[in-house]
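Peer 1: What follows is each chain in one-letter form.
2 protein chains.
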Amino acid sequence: GHLHNSEAFNYGVETWEAYKRGGLSKDLVEEQKKVQEADLLIFQFPLFWFSMPAILKGWMDRVLVQGFAYDLSKAYDGGLLQDKLSLFSFTTGGSKEKYAIRGDIRYLLWPMQHGIMHFCGVKVLEPHISYAPENVSEDKRKEMLTAWTQRLKTLWKEEPIDCSPEWYFK
Amino acid sequence: GHLHNSEAFNYGVETWEAYKRGGLSKDLVEEQKKVQEADLLIFQFPLFWFSMPAILKGWMDRVLVQGFAYDLSKAYDGGLLQDKLSLFSFTTGGSKEKYAIRGDIRYLLWPMQHGIMHFCGVKVLEPHISYAPENVSEDKRKEMLTAWTQRLKTLWKEEPIDCSPEWYFK
Chain A
1 GHLHNSEAFN YGVETWEAYK RGGLSKDLVE EQKKVQEADL LIFQFPLFWF
51 SMPAILKGWM DRVLVQGFAY DLSKAYDGGL LQDKLSLFSF TTGGSKEKYA
101 IRGDIRYLLW PMQHGIMHFC GVKVLEPHIS YAPENVSEDK RKEMLTAWTQ
151 RLKTLWKEEP IDCSPEWYFK
Chain B
1 GHLHNSEAFN YGVETWEAYK RGGLSKDLVE EQKKVQEADL LIFQFPLFWF
51 SMPAILKGWM DRVLVQGFAY DLSKAYDGGL LQDKLSLFSF TTGGSKEKYA
101 IRGDIRYLLW PMQHGIMHFC GVKVLEPHIS YAPENVSEDK RKEMLTAWTQ
151 RLKTLWKEEP IDCSPEWYFK
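Residue numbers (UniProt numbering), protein chains in the order written: chain A, 1 to 170; chain B, 1 to 170.
Same shape as in the complex, but just chain A (with noise of 0.2 angstroms):
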């Protein structure tokens, strides 16, 4: 659609605006009522580079826009997106020893968890973490399914993490 400002293109401030008309692409005012529907945003992902594969970001880049997650003011506890839990979860290409070290894990989902989750207000859940799939036996990789399978069924019951910085920092 048209520009806002076609002076100075601002990229959040177009969205923000096409957001507020209507004017968003179909794509995204899809994602964003799957999102509105949802109780609880599962993120399914290889973890790259310490983060999501860059497709998934940017899912997060274009669907989550001011006027929809969060607004002036309107972040963290009072994000837009309230009453809804996310939970990551995750394989990594390291072993469980090797993110142990000085706490790797717990860093690098710092961002995801309290810099796009929270920050919208959205509670988070324990990240669910599969290490190593791919260097396993598949015995292991049949109970890594096993282990999640079990977790869904009392996923409801749970509470959500803190998301304080002691949790991620401590």
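Because the hints were derived from the structure by calculation, they are not lab data. Given the structure is predicted, the values throughout are model-derived calculations rather than measurements. Think of the CB as a built atom: it goes at the ideal place given N, C-alpha and C, for glycine as much as any other residue. Incorrect hints may have been included.
What the hints assert, rightly or not - Each computed DSSO-like pair below joins lysine-lysine, with the alpha-carbon atoms no more than 30 angstroms apart:
1) A:Lys98 - A:Lys142
2) A:Lys98 - B:Lys74
3) A:Lys170 - B:Lys96
4) A:Lys96 - B:Lys170
5) B:Lys98 - A:Lys20
6) A:Lys98 - B:Lys20
7) A:Lys20 - B:Lys96
8) B:Lys84 - A:Lys98
Unchecked claim - In silico negatives: residues of chain B with every beta carbon more than 10 angstroms from chain A:
9) Gly1
10) Pro46
11) Leu85
12) Lys96
What the hints assert, rightly or not - Between beta-carbon pairs, the in silico distance windows are:
13) B:Leu3 - A:His4: 39 to 47 angstroms
14) A:Gly1 - B:Asp39: 40 to 48 angstroms
15) A:Thr91 - B:Asp39: 30 to 38 angstroms
16) A:Glu159 - B:Lys142: 44 to 52 angstroms
17) B:Asp162 - A:Ile42: 33 to 41 angstroms
18) A:Thr91 - B:Ser25: 33 to 41 angstroms
19) A:Gln36 - B:Asp39: 47 to 55 angstroms
20) B:Pro165 - A:Ile42: 23 to 31 angstroms
21) B:Leu3 - A:Glu159: 26 to 34 angstroms
Chain A is fixed; fit chain B onto it per the hints.
Peer 2: Relative to the frame of chain A, chain B by itself:
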């Protein structure tokens, strides 16, 4: 090109094998050549969701493949991109005061500086952060550009950060 293992597709293995046989796509080979020839990598971007915009994350995901940037037991101080410097220079949406709460800025630098650059053996210079250029006066914006121009002049005399957990989480 052909797949190394068409039974079980593994992105990491396929790019590693493609790198070794010279089978990566042309755009990646060109980017890798630039990295190889560079003494200093400057990543300039607007901070999106406590991280790089997806398109830049995609550059990391696609260009820094195993065999080129790191290898089995060749990571961190043994990473393959030795004798190079990197610098993350970015603009933020929020003010310096907002990011100062809880040390957010250094926490969010961990995955990029430590998890990517340090992992590949690239040394890291102090980040260059321009806070909220959208919300400051024209004079302030000019000051930001001047500060960056000044810094570039003496960049080669700078010492890298130690990239230890203390730098990020002390």
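Peer 1: Now tell me if each hint is right for this structure.
Peer 2: Hints, verified against the model:
no.	hint	in the structure
1	A:Lys98 - A:Lys142	holds (22 angstroms)
2	A:Lys98 - B:Lys74	holds (14 angstroms)
3	A:Lys170 - B:Lys96	holds (24 angstroms)
4	A:Lys96 - B:Lys170	holds (24 angstroms)
5	B:Lys98 - A:Lys20	holds (26 angstroms)
6	A:Lys98 - B:Lys20	holds (26 angstroms)
7	A:Lys20 - B:Lys96	holds (28 angstroms)
8	B:Lys84 - A:Lys98	holds (25 angstroms)
9	Gly1	holds (22 angstroms)
10	Pro46	violated (8 angstroms)
11	Leu85	holds (19 angstroms)
12	Lys96	holds (17 angstroms)
13	B:Leu3 - A:His4: 39 to 47 angstroms	holds (46 angstroms)
14	A:Gly1 - B:Asp39: 40 to 48 angstroms	holds (44 angstroms)
15	A:Thr91 - B:Asp39: 30 to 38 angstroms	holds (35 angstroms)
16	A:Glu159 - B:Lys142: 44 to 52 angstroms	holds (50 angstroms)
17	B:Asp162 - A:Ile42: 33 to 41 angstroms	holds (37 angstroms)
18	A:Thr91 - B:Ser25: 33 to 41 angstroms	violated (25 angstroms)
19	A:Gln36 - B:Asp39: 47 to 55 angstroms	holds (49 angstroms)
20	B:Pro165 - A:Ile42: 23 to 31 angstroms	holds (30 angstroms)
21	B:Leu3 - A:Glu159: 26 to 34 angstroms	violated (44 angstroms)
Violated hints for the displayed structure, listed by number in ascending order: 10, 18, 21.
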